[in-house]
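Q: Given next are the chains, with one letter for each unit.
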Amino acid sequence: DAGVTQSPTHLIKTRGQHVTLRCSPISGHKSVSWYQQVLGQGPQFIFQYYEKEERGRGNFPDRFSARQFPNYSSELNVNALLLGDSALYLCASSQRGLETQYFGPGTRLLVL
Amino acid sequence: SQQGEEDPQALSIQEGENATMNCSYKTSINNLQWYRQNSGRGLVHLILIRSNEREKHSGRLRVTLDTSKKSSSLLITASRAADTASYFCATDARGSQGNLIFGKGTKLSVKP
Numbered sequence: 001d002a003g004v005t006q007s008p009t010h011l012i013k014t015r016g017q018h019v020t021l022r023c024s025p026i027s028g029h030k031s032v033s034w035y036q037q038v039l040g041q042g043p044q045f046i047f048q049y050y051e052k053e054e055r056g057r058g059n060f061p062d063r064f065s066a067r068q069f070p071n072y073s074s075e076l077n078v079n080a081l082l083l084g085d086s087a088l089y090l091c092a093s094s095q096r097g098l099e100t101q102y103f104g105p106g107t108r109l110l111v112l
Numbered sequence: 113s114q115q116g117e118e119d120p121q122a123l124s125i126q127e128g129e130n131a132t133m134n135c136s137y138k139t140s141i142n143n144l145q146w147y148r149q150n151s152g153r154g155l156v157h158l159i160l161i162r163s164n165e166r167e168k169h170s171g172r173l174r175v176t177l178d179t180s181k182k183s184s185s186l187l188i189t190a191s192r193a194a195d196t197a198s199y200f201c202a203t204d205a206r207g208s209q210g211n212l213i214f215g216k217g218t219k220l221s222v223k224p
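Heads up: the sequence lines are chains W and C, in that order.
Letter by letter, the first sequence follows residues 1 to 112 in this note's numbering.
Letter by letter, the second sequence follows residues 113 to 224 in this note's numbering.
Chain W on its own, in the form it takes in the complex (with noise of 0.2 Å):
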């Protein structure tokens, strides 16, 4: 069984672009959040959705967005970007966002 897959698995932007990463869930998992993680820390929590619905969303700015889709999959958006979103971007997913999450292996951002 294919595990949670996330693209691209590297990016360089320039501040003040846009970004969208994408993530796909593991198989028959209907919850995905986002997580942020910067060198030397644990990952933060960015975003929960669960059936196409926002769960929970973390203490960061409206610069931030994602959505989930019907085949549950999900985008993550970041505007205006800053030097201080570098950093790795994890995807996770669970059944239904209230047990285990499995991640994916991230997107790593830098913003130059």
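Derived by calculation from the structure, the hints in this document are not laboratory data.
For clarity, every value in this text was computed on a predicted model and none was experimentally measured.
Incorrect hints may appear among the rest.
Unchecked claim - What follows is a list of derived Cβ distance ranges for each label pair:
hint : chain 1 : residue 1 : chain 2 : residue 2 : range
1    : C       : 128       : W       : 9         : 31 to 37 Å
2    : C       : 192       : W       : 22        : 33 to 39 Å
3    : W       : 2         : C       : 126       : 34 to 40 Å
Cβ atoms here follow ideal geometry from the backbone N, Cα and C, with glycine treated the same way.
On the provided structure of chain W, position chain C as indicated by the hints.
A: Only chain C this time, still in chain W's reference frame:
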């Protein structure tokens, strides 16, 4: 903000020795999970312990949970060089609907 705090921040041991990592958290939880991360890649789920459980085993892993002290420990027995990684605890706080809160992690180095 990060709820969990792992201790120690870094741990270096020889192959065959046991490794113990501790985690403290701040609020009431539904469950606590331990994850492993190799070289800034995706997180691998190790074990989940529910708030009404005190101890759980999985292969060479033993996890304890003390909800009165708001703390957990992860013991890896007979460590191997392949166990070299960062280890994170993550809590699913009551009322959070599955949003995980991670600590900063313990960096484990197992020398052959």
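Q: It remains to establish, for every hint, whether it holds in the given structure.
A: Structure-based check of all given hints:
| no. | hint | verdict |
| --- | --- | --- |
| 1 | C:128 x W:9: 31 to 37 Å | holds (35 Å) |
| 2 | C:192 x W:22: 33 to 39 Å | holds (35 Å) |
| 3 | W:2 x C:126: 34 to 40 Å | holds (37 Å) |
Consistency note: the structure conflicts with none of the earlier hints.
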